[in-house]
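Chemist: Here are the chains, one letter per residue:
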Amino acid sequence: MSEARVLVLDADPVRASRTAELLDFIDYVPQVLADVGALSLERHAPRDWAAVVLGSIPDPATWQRFLDWLKRDPLHPPVLGMPEHHDDGARQFGLNSAQFWPLDYPIKYPLLSELLRRASIKRLDEEARVVSILGGPTGHAPGIQRLRVLIAQVAPFDTTVLILGESGSGKEVAARAIHDASSRRGKPFVAMNCGAIPGELLESELFGHEKGAFTGAITARKGRFEMADGGTLFLDEIGDMSMPMQVKLLRVLQERSFERVGGNQTIRCNVRVIAATHRNLEENIQKGAFREDLFYRLNVFPLEMPPLRERLADLPELVDVLTQQLEKNGRGRVRLSTDALAALSRYRWPGNVRELANLIERLAVLNPSGSVRASDLPARYRVEDDGAPSVAFHSTANEAPPVGIAQAAAGERLDELPAEGLDLKEHMARIETALIKAALERSGGVVAHAAQLLGLRRTTLVEKLRKYGLGRGEEAGMDAVA
Amino acid sequence: MRQLRVLLVDDHEGFLNAAQRQLRNLPWVSVVGRALNGLEAVRLTEQLTPDAVLMDLAMPEMGGLQATRLIKAQTKPPFVVIASHFDDPQHREHAASAGADGFVSKMFYVQEVVPILEKLAGDDSHV
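Chains A and B supply the protein sequences, listed in that same order. Its first residue numbered 1, the first sequence is counted upward by one per residue in this note's numbering. Its first residue numbered 1, the second sequence is counted upward by one per residue in this note's numbering.
I should point out that these hints are in silico values taken from the structure, not numbers from a laboratory. Every value quoted in this text rests on a predicted model; they were computed, and no experiment measured them. There is no bait here: all hints are sound.
Lysine to aspartate or glutamate pairs mimicking EDC-like chemistry, simulated, CA-CA at most 20 Å apart:
# : chain 1 : residue 1 : chain 2 : residue 2
1 : A       : Lys222    : B       : Asp87
2 : B       : Lys76     : A       : Glu384
3 : B       : Lys76     : A       : Glu355
4 : A       : Lys71     : B       : Glu61
5 : A       : Lys437    : A       : Glu463
6 : A       : Lys328    : B       : Glu61
7 : A       : Lys122    : B       : Glu61
When you get a sec, could you build the whole thing from the sequences and use the hints?
Modeler: The structure is reproduced here in structure tokens:
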């Protein structure tokens with residue numbers, strides 16, 4: 001039942017084989033090399049290993065080549081240095097303390113196991129960062145603009161904030177934005193998902209424990225309250241917390257102090273608490289599943305996250321942010337055609353922004369060609385046009401507003417029926433020509449590219465150009481430019 | 001109790017064999033496929049539409065959490081259980097935020113996975 005691979009580089013054969021035995025014993029697959037020059041780098045990626053154990057180096061040149069290759073991946077596994085590297089290894093190899101960890105020899109297996117556990121968490125943390133939205137809530141829909149104003153209002157004070165909203169609506173993004181806009185921003189932001197942690201572990205996770213507090217507590221450990229000292233503690237899914245834990249949390253909020261599990265020393269803490277839940281806490285109070293006194297403690301400043309289906313105008317901007325982030329992290333290039341975006345704007349998004357992020361990541365991985373049309377979407381996102389008015393998209397943050405649309409809209413909302421009514425056919429034609437003009441503009445007048453942006457065949461677009469009097473002559477001229 | 005169609009995902013063939021042997025004792029479980037990495041898991045999930053995917057957390061190339069996120073974006077996604085070498089709050093939180101529906105320790109794989117599958121097979125409300 002082996003889990004992951006560990007690369008052991010050590011020219012000391014006795015030590016190397018001891019290390020390998022130990023790794024084997026804790027269910028890792030060791031790959032032992034005296035000289036890393038024997039490894040063909042083209043056939044590997046740095047993340048093939050959970051960690052690299054570094055002992056005696058027989059050839060500095062091959063090691064340096066391996067090190068340079070390793071460091072090209074910013075998320076490379078940590079290097080666990082044997083004692084001869086403890087004093088100077090990090091500096092000599094140009095690694096920081098998050099990338100170079102000392103390993104004592106003889107190796108004690110609980111410590112090695114703990115280092116590998118931390119290496120695994122480090123990787124998961126880094127991977128999660130790649131796919132989470134940074135820099136606060138994205139978009140310009142009224143609900144999001146209101147949210148931004150409220151965040152700016154509450155951030156400077158140490159007020160407890162309660163963030164409400166459906167799953168995936170970005171509650172942690174909002175909590176982080178509050179922290180980043182507060183005077184605590186230089187201090188830790190510690191998040192905890194109360195719903196994902198088994199009840200019996202929650203107390204020690206929140207408050208820490210002393211050595212020997214329970215079976216398995218081989219060392220004393222800080223809880224998240226202590227880790228967040230001076231900063232912000234984000235308690236997600238607070239509605240899933242058991243009643244006994246709610247009592248303990250209430251006490252900390254009231255007295256600003258707590259004890260570790262198995263300890264009797266009272267620890268003072270300076271932590272701002274932001275809680276969140278997708279549940280209806282008032283209903284839970286009625287049912288006797290949530291303490292009313294805790295609710296009032298938390299509900300000092302409630303924030304409501306708008307669901308994605310109520311701010312579909314932000315869809316293009318969200319897609320932009322998500323695709324750029326994936327691209328920046330080398331996770332693939334993906335572009336959505338206009339018809340794909342239109343189909344997505346007709347979907348209800350029960351999983352909100354997280355669901356959108358998952359979809360974009362999926363498209364980036366599975367469509368190496370990079371261009372996604374509506375027909376490339378998984379079936380549930382291919383929502384047919386039922387004739388209902390489509391959404392007027394906001395222009396995206398990193399692009400100039402599409403000129404044609406801005407002119408067509410001229411302050412009006414394209415999806416709103418004016419009091420006096422309108423001529424639908426003419427209205428749709430206006431939107432269509434505006435989008436075609438915008439596409440031509442963006443494609444530098446190349447009709448074939450504009451057609452791609454609009455999810456049309458080239459011949460269909462040529463026909464439309466003729467229909468709207470955008471003219472063949474014009475088209476020929478434009479194509480000639482390219 | 002309904003018949004449960006299960007996809008097994010792990011980069012170690014030996015682990016897949018052991019898991020499959022154990023699950024064979026449950027007449028209401030049929031293993032419909034095996035995948036050796038995350039990308040293959042995504043492809044097979046779409047093709048075989050299993051009821052549940054038992055997914056290894058750490059695999060080279062595409063790991064179990066990324067595969068879970070991708071699978072959850074498909075039409076009618078299955079129930080996904082992450083199997084992890086390490087069982088601690090941090091690993092559980094990461095699995096939950098990737099959208100996994102369950103979490104088991106690989107040390108106690110069979111003991112922990114069977115009750116989860118039992119519950120799923122008895123609960124027809126899940127897609």
